[in-house]
Amino acid sequence: MAQYLMSVLFDSTELATSDEAAAIDVFNEQLKTDGHWVFAGGLASPDTATVVDGRDGEPVFTDGPYLESKEHIAGFWIIEAPHLDVALRLAALGSKACNRRIELRPFLGE
Amino acid sequence: MTDDVGEVITRVHREEWARVVATLARRLGDLDIAEEMAAEAFATAVERWPVDGVPPNPGAWLTTTAQRKAIDRLRREVKRDEKHREALMLIDIPEPLGAIDDDRLRLVLTCCHPALAMDARIALTLRMVGGLTVPEIARAFLVEESAMGRRITRAKAKIKAAKIPYGVPFREDIPARITGVLAVLYLIFNEGYLASDPGKEPVRGDLTAEAVRLTRLVRALLPADGEVAGLLALMLLTEARRAARVSVRGELVALRDQDRGAWDRVLIAEGHALVRARLASGQAPGRYQILAAINAVHTDARDFRDTDWSQVVALYDQLVRLEPSPIVRLNRAVAVAELDGPEVALAEVDRLPLDGYHAFHATRAELLRRLGRGEESRAEYDRAIGLAGNTAETAYLTRRRDQLAGPQGRSPDLAAGLPVPS
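From first to last, the protein sequence lines are chains A and B.
So in full-length UniProt numbering the end of the first sequence lands on 110, straight run, no missing numbers.
So in full-length UniProt numbering the end of the second sequence lands on 422, straight run, no missing numbers.
To be clear, the hints were calculated from the coordinates, so they are not data collected in a lab.
Predicted model only: the values in this text are computed from it and were never measured.
Where a beta carbon is used, it is the ideal one built from N, C-alpha and C, also for glycine.
Hints are not guaranteed to be accurate.
What the hints assert, rightly or not - Calculated cross-link-like contacts (lysine-lysine; reagent style DSS-like; alpha-carbon spacing at most 30 angstroms): (1) A:Lys70 with A:Lys96; (2) A:Lys70 with B:Lys69; (3) B:Lys160 with B:Lys69; (4) A:Lys32 with A:Lys96; (5) A:Lys32 with B:Lys163; (6) A:Lys32 with B:Lys160; (7) A:Lys96 with B:Lys160; (8) B:Lys158 with A:Lys32; (9) A:Lys96 with B:Lys163; (10) B:Lys158 with A:Lys96.
To be verified - What follows is a set of in silico ranges between Cβ atoms, one per label pair, in the way DEER data are often shown: (11) B:Ala183 with A:Asp63: 43 to 51 angstroms; (12) B:Ala176 with A:Ser69: 30 to 38 angstroms; (13) B:Ala220 with A:Glu103: 34 to 42 angstroms; (14) A:Ala49 with B:Pro223: 29 to 37 angstroms; (15) A:Leu9 with B:Pro114: 14 to 22 angstroms.
Using the sequences and the accompanying hints, generate a full structural model.
Structural data, given as structure tokens:
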């Protein structure tokens, strides 16, 4: 089994509509039933982010996201799948459920 | 090494490379090692066969040799990497992987996986299935060897890290995946047939031949698939005209001006037989079968004037219904010009949103010329020349434009690059 990160890409800070939220709930239930679920969550808007650099002495805190970009990650799933073809199917279903594009990326293997 | 053994090794490489890589890839679960060990096994053959003689079953010898090398290598690595211990245990346990039961077909489908970029699919297919070396592929696409190497390495790394499965696990994905393989093969063929880059030779026989060879392999693996047969027929009927397609001066020769005696009759006969068999099947044809049928009509005519244009237009009508793209409509309009005259054709062409496409302007230029609208025609040739990348095509268009000042315009040529890649 491999684990994949499904990042939800979005270009505004609007939250999911109630229809989208309902579809996401259904999708999440399905992930759990089929044994693909690891974790998922929605993220607050990028301007709530703080960049922290603790590499050298006193940590430095910087307000705002590390990159200003048109699109940002609005939320994510971590799923488990035997191979990419299953993960691609789940990502397609997840994209449909949340009504946004998804970047699918594998975690580093063993 | 005697020449005989050298020839045998070349032939065996052509015939057995894909099988050796494919079998190893399944047994080892690692495309990268499979490729490397296959290459080493062939290197060993080059050393040993001239001395020991060619083994009775060269393919089996190569697979066994490559596998032994793989086992040795994995044993060496096993202490470092627990995962390879698992791989070692898998060896010699042939396990059915999903819905495809042939290793070479799995290999092709894996190389053409939709999660890989198109140029990576092309490069991987030529390397893993075709057995071309990285320098050969780099040369074919006029890319730096190191860049092509990186492209292939990156694709292999993605297959491994993202766990792209070997084969097609879901039966319902198979039709779309096969369509994807055909698209890759057709792109390889078209790059050879009408190289897009001004720095390249206009027609690359090595690439078209490789595309035909790979398509033959896929056809042998999927004998019942009509579109595979259609693509092979389309390639054969196009390849048959290769020698007549570029003049000694390096200029593209339009279909109407080609020396039909220089066409390859053997390839044409094979292509026609494939098209006839598809027609006899009674199944609805896909795009490649229709394109093959159009090329069958062209190659059936002893002279350009004998071409059955109503049949060509009818086939394009069928293709437009299947694939209503402007490029298909443009090609249809070229045939309409022969059937209903340039005015009707031009009216259709003018509706197409293809302003950035050289063949659109080349077609308009030829139609305007035939209608006696010389100035407009000249402007369109200029646009086409500015957009065309292929040197033979540019030479042809330039000559046609420069002829415009002559006493009479000739009738338009069929865009010689039929079928125009879409």
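If any of the earlier hints don't hold here, list their numbers in rising order.
Hints 2 and 14 contradicted; others consistent.
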